[in-house]
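K.L.:
Residues per chain, in single letters:
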Amino acid sequence: MLRIQGLTATVDGKEILKGIDLEVPTGEVHAIMGPNGSGKSTLSYVLAGRDGYEVTGGTATFNGVDLLGKQPEERAAMGVFLAFQYPVELPGVGNANFLRTALNAVRRGRGESELDAMQFLKLARARMKELSMPEDMLKRGVNVGFSGGEKKRNEVLQMALLAPKLAILDETDSGLDIDALKVAADGVNALRGPEFSALVITHYQRLLNYIVPDRVHVLMAGRIQRSGGKELALELEASGYGAPQAA
Amino acid sequence: MAAVTETIETVQAATEGTYKWGFSTDIEMDYAPKGLNEDIVRFISAKKQEPAWLLEWRLKAYAMWLKMEEPTWPSVHYPKIDYQDAFYYAAPKEGPKSLDEVDPELLKTYAKLGIPLKEQAFLAGVEGAGDSAADARMPIAVDAVFDSVSVATSYKERLAKDGIIFCSISEAVHEHPELVKQYLGSVVPQGDNFYAALNSAVFTDGSFVYIPKGVRCPMELSTYFRINAKSTGQFERTLIIADEGAVVSYLEGCTAPMRDENQLHAAVVELVALDDASIKYSTVQNWYPGDAQGKGGIYNFVTKRAQCRGKRSKVSWTQVETGSAITWKYPSCVLLGEDSVGEFYSVAITNNYQQADTGTKMIHVGARTKSTIVSKGISAGHGQNTYRGLVRVAPTATNARNFTQCDSLLIGDLCGAHTVPYIENRCLTAKLEHEATTSRIAEDQLFYCRQRGLTQEDAVGLIVNGFCREVLKELPMEFAVEAQKLLQISLEGSVG
Ligand SMILES: Nc1ncnc2c1ncn2[C@@H]1O[C@H](COP(=O)(O)OP(=O)(O)OP(=O)(O)O)[C@@H](O)[C@H]1O
Ligand SMILES: [Mg+2]
Chain A
8 MLRIQGLTAT VDGKEILKGI DLEVPTGEVH AIMGPNGSGK STLSYVLAGR DGYEVTGGTA
68 TFNGVDLLGK QPEERAAMGV FLAFQYPVEL PGVGNANFLR TALNAVRRGR GESELDAMQF
128 LKLARARMKE LSMPEDMLKR GVNVGFSGGE KKRNEVLQMA LLAPKLAILD ETDSGLDIDA
188 LKVAADGVNA LRGPEFSALV ITHYQRLLNY IVPDRVHVLM AGRIQRSGGK ELALELEASG
248 YGAPQAA
Chain B
11 MAAVTETIET VQAATEGTYK WGFSTDIEMD YAPKGLNEDI VRFISAKKQE PAWLLEWRLK
71 AYAMWLKMEE PTWPSVHYPK IDYQDAFYYA APKEGPKSLD EVDPELLKTY AKLGIPLKEQ
131 AFLAGVEGAG DSAADARMPI AVDAVFDSVS VATSYKERLA KDGIIFCSIS EAVHEHPELV
191 KQYLGSVVPQ GDNFYAALNS AVFTDGSFVY IPKGVRCPME LSTYFRINAK STGQFERTLI
251 IADEGAVVSY LEGCTAPMRD ENQLHAAVVE LVALDDASIK YSTVQNWYPG DAQGKGGIYN
311 FVTKRAQCRG KRSKVSWTQV ETGSAITWKY PSCVLLGEDS VGEFYSVAIT NNYQQADTGT
371 KMIHVGARTK STIVSKGISA GHGQNTYRGL VRVAPTATNA RNFTQCDSLL IGDLCGAHTV
431 PYIENRCLTA KLEHEATTSR IAEDQLFYCR QRGLTQEDAV GLIVNGFCRE VLKELPMEFA
491 VEAQKLLQIS LEGSVG
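Residue numbers (the working numbering), protein chains in the order written: chain A, 8 to 254; chain B, 11 to 506.
What the hints contain is simulated information worked out from the structure, not anything from laboratory work.
Values in this document were obtained by computation on a predicted structure and should not be read as measured data.
No residue lacks a Cβ here, since even glycine has one placed at the ideal position from N, Cα and C.
Mixed in with the good hints, there may be bad ones.
In silico DMTMM-like cross-links for lysine to aspartate or glutamate, where the CA-CA straight-line distance does not exceed 25 Å [unchecked claim]: (1) K146(A) to E434(B); (2) K77(B) to D36(B); (3) K77(A) to D49(B); (4) K321(B) to D270(B); (5) K21(A) to D454(B); (6) K483(B) to E35(A); (7) K77(A) to E48(B); (8) K146(A) to E488(B); (9) K223(B) to E188(B); (10) K172(A) to D28(A); (11) K191(B) to D202(B); (12) K146(A) to D454(B); (13) K158(A) to E453(B); (14) K172(A) to D19(A); (15) K90(B) to E48(B); (16) K90(B) to E60(B); (17) K483(B) to D28(A); (18) K483(B) to E96(A); (19) K77(A) to E502(B); (20) K172(A) to D454(B); (21) K191(B) to E254(B); (22) K44(B) to E79(B); (23) K21(A) to E35(A); (24) K21(A) to E453(B); (25) K158(A) to E142(A).
FRET-style restraints, in silico, Cβ to Cβ [stated by the list, open to error]: (26) E445(B) to H210(A): 21 to 31 Å; (27) P228(B) to Q126(A): 31 to 41 Å; (28) E137(A) to K483(B): 29 to 39 Å; (29) D454(B) to G182(A): 17 to 27 Å; (30) V430(B) to G247(A): 33 to 43 Å; (31) V151(A) to P222(B): 42 to 52 Å; (32) K77(A) to A452(B): 30 to 40 Å; (33) S139(A) to E480(B): 24 to 34 Å; (34) S196(B) to Y93(A): 49 to 59 Å; (35) K441(B) to G247(A): 35 to 45 Å.
Listing some non-contacts, in silico: residues in chain B with all C-beta distances to chain A over 10 Å [what the hints assert, rightly or not]: (36) P81; (37) R460; (38) T465; (39) G476.
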């Protein structure tokens, strides 16, 4: 269970998160929607531990373990995965090399044995097939020269390989064509189970037809303003966010 | 794929931050008296029972050196070197013998360094080779130079079957005097520069390679240099000749114990490529770089030059420079033959208080000569990294081409990167291109890697290896793994 209580955070001295309260019980998938600049990515970075995103109050625990005091790689080893809104390019670093390094780092963290190249390739190929991704994505530099959609698919592939316990998808659907959208949704749905939780950040109700959320939250002006079932997304699509409610 | 795997594994295994080659070997040594004078030159020559012509050659070099000044143009700073305060000859008391009789202490030393001196069964035929491709590795012939002498050379007999000569230069002086006499100093003359003159006077050992006409050397040749003795300079001399149509790949590695004092290494390497010959020369330079405060470390003042004498000949220099307190080194190509090709691929790392002034010279003389320069400089800590490169095109070099790419990566803000390209073009039809970039490891790159579970250090290692990829892929596979590991170790503690 992801439990966030009274979380406040600043970026460059500016308060962006103004008291987030949110619970995602284990086994559930929650969607977060909200206008541009409302703090959705900020929340994902704070949960993942990015430098420069300073927590000024509140708590965040995952399965009872404090997240906020941990290094990003320690959180990753705990099973926290962030699919970036803007995946980062690593020139010269081969995608296969990167994926295997990441997978083995996370496996070490989980006390599992590392995979050798052959084992890794077998696994990677299987996952890529499921996600109908061309195999040459493995040979290319990490995200270098990838189209916007390819970058997002690569995030989904990484998620599928790392098999996280908590996946935070930050607008993974943006920039995806219809087929890719289904593939991305399949990626999440394949991981769904009693041990898996996800926070799916999106602007579009459409994604939620494929990844059916247990709950939908609206993040506005640094706070969760509304929460509801999956029908809330439809309502928002019809009527917009409106003005933020006073705290 | 096995290479990739292994690479990652090795990179990850390398997590200790210390210089792991810093131990010293306790062995009985034979020294020349301390200091440098004509008698020392005679002493070295006598120790090696050299012919008179070589002693004369050395003495001429010594006389030249006396009149020369230490160069001050490189962007490196160090206290004045007292050339009288060092030993110019140090050799294990038990002289070099056949491979089976090498002092066990030395064998242990090289084993500890991961250098195989023992010959393995030569896997030329496929029979008996393991089913895993990784087991069926090509053996590497090694010449091991310990302080002033070559202590062992492996696979000599096997190579001799193809007419290949691979031995220490001291041995070559006795066994193949005509070749040595013809080529020694023909690429780097005694008076070429201050350090080359010093080397010519007091060089002690090094490797000699001759690949006959039309022969493709069946295995990698390598020399492994080890400075062990205290207060001792190492002055090796390497000479490689590839006759018409010959092909050879040669590797050079080096380490030294951790000592508080600075030790001088002034080598000369000469390469000669005749018609259609090709020489690939790779270096992983890992001399002791000094400690985190900048104390100790090797002064690496090296002259490396190749002459592409023949038509369509090719020389490729690849270097990974991670060690030394100071590096002063410009592996160069003189492209005389028509259509000859020179390449220079370099990674130079400076961390802590290391200084590197390195680059290349491509001298185009023949028509349609081509050169490529790819230099990757990485600075961390207080490191200072200078790329200094000269591209000179003579009027005779019609349609010559050069492509230069110089990239610098900065880690932290106390270090420096400098690019000093010199271009002298006297030919209208020449085409020269130069690209240069300077970048930093971006915070979002580090965060991306760490979010995927990599530690900060592994993330830096991965990004740096990516930055150097174009150079590392030029290295033979075994060396590439070693080099990647080294890059990461050299940068430990540089971020965060
Ligand atoms: N480094 C920064 N300095 C100042 N303000 C910042 C910085 N980074 C983010 N912000 C501000 O924080 C606010 C929240 O940004 P965030 O990226 O979390 O929004 P978002 O909800 O993800 O928006 P979108 O839907 O457009 O992705 C924005 O107003 C943004 O301008
Ligand atoms: Mg966002």
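K.L.:
Against each hint, give a clear statement of whether it holds in the structure.
P.N.:
Consistency of the hints with the structure:
no. : hint                           : result
1   : K146(A) to E434(B)             : violated, 40 Å
2   : K77(B) to D36(B)               : violated, 38 Å
3   : K77(A) to D49(B)               : violated, 66 Å
4   : K321(B) to D270(B)             : violated, 48 Å
5   : K21(A) to D454(B)              : holds, 20 Å
6   : K483(B) to E35(A)              : violated, 46 Å
7   : K77(A) to E48(B)               : violated, 66 Å
8   : K146(A) to E488(B)             : holds, 21 Å
9   : K223(B) to E188(B)             : holds, 17 Å
10  : K172(A) to D28(A)              : holds, 20 Å
11  : K191(B) to D202(B)             : holds, 18 Å
12  : K146(A) to D454(B)             : holds, 22 Å
13  : K158(A) to E453(B)             : holds, 19 Å
14  : K172(A) to D19(A)              : violated, 31 Å
15  : K90(B) to E48(B)               : holds, 22 Å
16  : K90(B) to E60(B)               : violated, 32 Å
17  : K483(B) to D28(A)              : violated, 51 Å
18  : K483(B) to E96(A)              : holds, 20 Å
19  : K77(A) to E502(B)              : holds, 21 Å
20  : K172(A) to D454(B)             : holds, 23 Å
21  : K191(B) to E254(B)             : holds, 19 Å
22  : K44(B) to E79(B)               : holds, 22 Å
23  : K21(A) to E35(A)               : violated, 32 Å
24  : K21(A) to E453(B)              : holds, 20 Å
25  : K158(A) to E142(A)             : holds, 14 Å
26  : E445(B) to H210(A): 21 to 31 Å : violated, 40 Å
27  : P228(B) to Q126(A): 31 to 41 Å : holds, 34 Å
28  : E137(A) to K483(B): 29 to 39 Å : holds, 31 Å
29  : D454(B) to G182(A): 17 to 27 Å : holds, 18 Å
30  : V430(B) to G247(A): 33 to 43 Å : violated, 60 Å
31  : V151(A) to P222(B): 42 to 52 Å : holds, 45 Å
32  : K77(A) to A452(B): 30 to 40 Å  : violated, 22 Å
33  : S139(A) to E480(B): 24 to 34 Å : holds, 32 Å
34  : S196(B) to Y93(A): 49 to 59 Å  : holds, 57 Å
35  : K441(B) to G247(A): 35 to 45 Å : violated, 60 Å
36  : P81                            : holds, 34 Å
37  : R460                           : violated, 4 Å
38  : T465                           : violated, 5 Å
39  : G476                           : violated, 3 Å
Of the numbered hints given earlier, the model fails hints 1, 2, 3, 4, 6, 7, 14, 16, 17, 23, 26, 30, 32, 35, 37, 38, 39; all others are met.
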